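Taking the hints into account, I'd like the entire structure generated from these sequences.
Here the protein sequences line up with chains A and B, keeping their order. Position in the first sequence (first residue = 1) + 26 = this note's numbering. Position in the second sequence (first residue = 1) + 40 = this note's numbering.
Do not take every clue at face value.
[Claimed, not checked] Below 30 Å or equal to it, Euclidean Cα-Cα: the simulated BS3-like pairs (lysine-lysine) are:
(1) B:135 / A:492
(2) B:341 / B:233
(3) B:106 / A:492
(4) B:106 / B:378
(5) B:341 / B:262
(6) B:165 / B:378
(7) A:492 / B:189
(8) A:492 / B:227
(9) B:364 / B:135
(10) B:78 / B:106
(11) A:492 / B:75
Hints are computed from structural coordinates only; laboratory data are not their basis. In this text the structure is predicted, and so the values were computed from the model without any measurement.
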Amino acid sequence: MIEAFIEAITWLFRPSMLIILVAATAVGLFVGVLPALGGMVGCALLLVILPYMSPEIGLTILLAFHSVTFTGGSITAILLNIPGTNVNAATLIDGFPMSQRGEGERAIGASVTSSSLGGLVPVFLAFAMIPLIMPIVMLFKTPEMLGLIILGLSCLAFLTGDSVIKGCISGCLGLLLAMIGFHGATGILRFTFGIDFLYDGFDLVALALGMFGVAELLDISIKGHATVAPKYQKSGGLSNVMLGVKDVFNHKSLWLRSMLIGYVAGIIPGVGAETATFIAYAQAKQTSRHPELFGTGVVEGVIAPEAANNAKEAGALLTTLAFGIPGSAIMAILLGAFMMVNVIPGPRMLIDYLPLCFTMLLGIAFANVIGGVISLFAAPYLCRAASIHIDFLLPVVLILAYTGVYVLRESMFSIASVIFFALLGILMKRYGYSRPALLLGFVLGLLFEKYFWLSLKFWGPLFFMKPSFLIEMAIVLALFAYPYLRKVFSRSRKT
Amino acid sequence: MSKKIILSILPIFLSLLFVFTVFGQDEKQYASHKKFYKGRAIEFICPASPGGSTDLVMRLVAPQFKELTGAAGVRMKNKHGSGGFEGYNYVYKAKPDGLTLGNGVLFPLTMNEFTEMPGCRYESKNFNYLMGIGEILLVAVVASDGPYKSIDDFKAGKNMRIAGSSISGPNSLGGLSTIALLDLDAKMVSGLKGQSACILSIQQGESSAALITESVAKPHIKEGKLRPLFILSNRRGTILPDVPALTELVTFTGEKKDHIDLWGGLTNFQLVLAPPNLSQERLDFLRDVVIKMVTPDFLKKASQIVHSEVQKVASGQEVTERIKAIAKKRAKINSLFKRLGELHRM
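Listed below in structure tokens is the structure:
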């Protein structure tokens with residue numbers, strides 16, 4: 027094993043390889059920043075060049091590229107309220123308010139550090155985790171997956187904003203929107219009204235772009251200034267960025283919990299990237315001394331989801347490498363990439379291709395470090411984008427957004443759906459309905475239905491009596507009860 | 041003397057005239073096709089998402105059209121929306137000038153049409169086919185440490201669950217056929233996301249078995265995680281040649297024989313296709329182009345993609361005849377799987 031590790035390091039740290047990695051990292055960050063594009067589209071484009079390279083170079087570039095897209099995506103989420111990738115949706119809840127308050131550099135510093143460390147640390151955990159992966163994956167059958175999704179859905183309660191009823195309505199609306207489209211298990215088209223575009227339902231990218239990004243920017247446009255209010259537009263430079271970096275180290279336990287949530291969620295195939303980030307956000311809120319401040323722009327609300335999103339992909343990669351089972355949609359593309367270069371993921375991979383595994387993991391670690399450094403130094407300059415007057419910023423963002431969604435399906439309906447969700451987002455904002463709750467309901471709706479259906483089919487109506495399912499429900503209750511229990515314990519300690 | 045000379049050279053002259061008339065026209069037409077493609081780009085549509093074997097086939101085949109047709113370029117597009125219908129429908133409705141081509145897989149192309157899945161707006165028999173590569177059959181797999189060590193154990197199983205993904209996909213329809221052919225005490229559970237999820241559900245013990253493509257099952261079989269029972273067909277596969285065909289283990293007669301013979305033709309066969317109503321000359325030209333594509337290097341790369349040794353490819357004509365033969369049984373296939381779904385689906 028040590029020889030394989032040394033071989034990987036020797037291979038990776040050749041000047042030519044380092045230059046290629048830095049370039050792949052920079053492109054990955056850029057792709058992450060661009061709204062709607064995301065790692066999935068970028069990885070698909072990179073597949074073209076893969077056959078012309080050796081597996082060591084090709085796969086390492088692909089993984090390095092992919093591993094930093096979420097870091098780049100958090101920047102757009104913070105500065106423009108547009109999640110650069112789907113998993114950055116939870117970051118904008120507190121990230122954008124921080125930016126509006128002139129703390130964009132601090133928010134980016136925190137998100138980039140949290141994200142980069144969230145991608146870096148699991149790499150070193152990887153080999154320690156391998157014996158544990160199989161038991162974890164085997165444990166999570168369909169009822170347990172349903173329990174996890176219920177845990178995710180329960181986070182709706184923490185996203186309701188000021189009105190619980192309105193938050194629940196938003197969540198239910200999200201669930202309803204998720205039902206639109208073809209149901210694979212029954213072969214029924216639901217609520218498509220004969221429109222072929224709706225066969226696959228609404229696209230999450232279009233929903234997030236429209237409801238958060240475009241809606242917010244249109245709202246600001248009506249008010250007539252920049253995304254950052256004029257009184258907050260003075261840049262603090264790198265010192266503000268370093269404040270964010272320090273915030274991560276000042277919230278070590280929060281970062282570690284969030285990273286582990288993301289990592290374990292990533293190991294379990296089929297959980298959904300967004301589930302992990304929202305669960306991490308919810309536990310951050312519940313364990314905070316000031317949960318009422320979440321949503322107004324607190325740095326913990328940025329650290330938690332960002333730690334989870336990169337760690338989630340690291341976990342998903344491990345399951346993909348070790349078992350040949352794709353842990354996420356992007357991993358399915360990566361699996362194809364492995365097949366293209368004739369590398370078959372599976373348990374043998376860690377024996378037959380150990381140096382390659384080390385090269386890939388070290389490549390990811392390197393990319394996270396480089397990506398973090400680039401983002402931190404670029405943050406003060408990027409934050410100036412938030413100070414641009416909305417009259418100039420809005421057209422550029424709209425063009426990027428429309429182009430991004432159009433590229434996904436090459437259909438004008440994609441653009442129409444962005445506009446639809448933008449209008450819905452504006453109305454929801456005006457009347458106090460929680461948009462994150464709708465997003466969470468949308469993301470988890472189909473997963474909830476799928477695992478509920480499969481649990482019934484495989485286990486019968488008494489599936490919920492399974493001990494592991496009951497334990498998960500107990501965890502959900504504990505999550506709700508934690509703040510009250512903490513108050514009780516601190517009172518009893520005082521007395 | 042001169043008569044002798046004329047008589048001796050006349051056959052030569054006539055044969056040369058014949059050759060130039062026949063092949064010279066071909067050359068002329070060939071040149072005219074190449075002239076058509078010069079300065080124009082070909083649009084190549086893949087009805088699957090990036091990274092899968094169908095996408096990889098597109099990436100293998102599409103770039104070669106540029107060189108061999110003289111086209112200015114080839115735009116490769118993944119149109120996997122609506123479960124792949126977006127891509128198939130797009131190619132079906134495209135202008136039949138040879139500038140829009142596509143690829144696909146025989147099973148979903150035909151079965152989605154025959155089972156009348158919503159969104160299907162084509163008839164598979166009307167496409168023009170250029171090539172078929174790499175047949176992959178379905179293998180019935182169970183957990184290697186599970187209770188089913190042989191087909192007899194499997195047939196004796198009680199209250200089993202067969203895992204499948206999409207309702208009209210090969211895994212689900214193969215599962216229904218297996219239940220019907222072997223009179224299993226089992227139900228089909230569709231709705232898992234992909235073959236990997238089906239394999240995981242077997243390993244977790246939630247489902248008893250699944251019908252998986254050979255290429256996907258092979259690494260898991262090799263690792264000892266899965267046990268293959270049989271190939272759902274009347275012949276063995278090329279990827280798992282040691283696994284017997286179902287007809288080797290069980291003798292079928294009458295309707296059941298027709299049923300299993302159906303699976304001999306319904307395979308995951310990668311196809312390259314063109315829109316209907318393409319002119320015969322253009323079709324012949326494209327088929328000719330495809331023949332030129334097939335070099336040892338091409339076959340080697342195709343073998344890597346489909347995970348089995350591809351020694352030759354099926355011609356467009358062969359594929360067309362095969363699909364027309366299957367299409368004749370469309371009504372029968374439709375009523376068969378409707379009935380099986382009502383009987384055996386959970």
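We went through each hint and held it up to the structure:
Taking the CA atoms of residue 135 of chain B and residue 492 of chain A, the gap is about 57 Å. The hint is violated against a cut of 30 Å. For the hint linking residue 341 of chain B to residue 233 of chain B, the alpha-carbon distance of about 28 Å falls within 30 Å, and the restraint holds. Of the supplied pair hints, the one linking residue 106 of chain B and residue 492 of chain A is violated, its CA atoms being roughly 58 Å apart against a limit of 30 Å. For the proposed pair residue 106 of chain B and residue 378 of chain B, the alpha carbon gap of about 43 Å is over 30 Å, so the pair is violated.
With a CA separation close to 22 Å, the supplied pair residue 341 of chain B and residue 262 of chain B stays within the 30 Å bound. Taking the CA atoms of residue 165 of chain B and residue 378 of chain B, the gap is about 21 Å. The hint holds against a cut of 30 Å. At roughly 28 Å between alpha-carbon atoms, residue 492 of chain A and residue 189 of chain B fall within 30 Å of each other, so this suggested pair holds. Of the pairs offered as hints, the one joining residue 492 of chain A and residue 227 of chain B holds, with about 22 Å between alpha carbons and a cut-off of 30 Å not exceeded.
Taken as a hint, the residue 364 of chain B and residue 135 of chain B pair is honoured in the structure, with Cα atoms around 22 Å apart against an allowance of 30 Å. The suggested pairing of residue 78 of chain B with residue 106 of chain B holds, with an alpha-carbon distance near 10 Å, which does not exceed 30 Å. The suggested pairing of residue 492 of chain A with residue 75 of chain B is violated, with an alpha-carbon distance near 69 Å, which exceeds 30 Å.
When each numbered hint is compared with the structure, violations occur for hints 1, 3, 4, 11.
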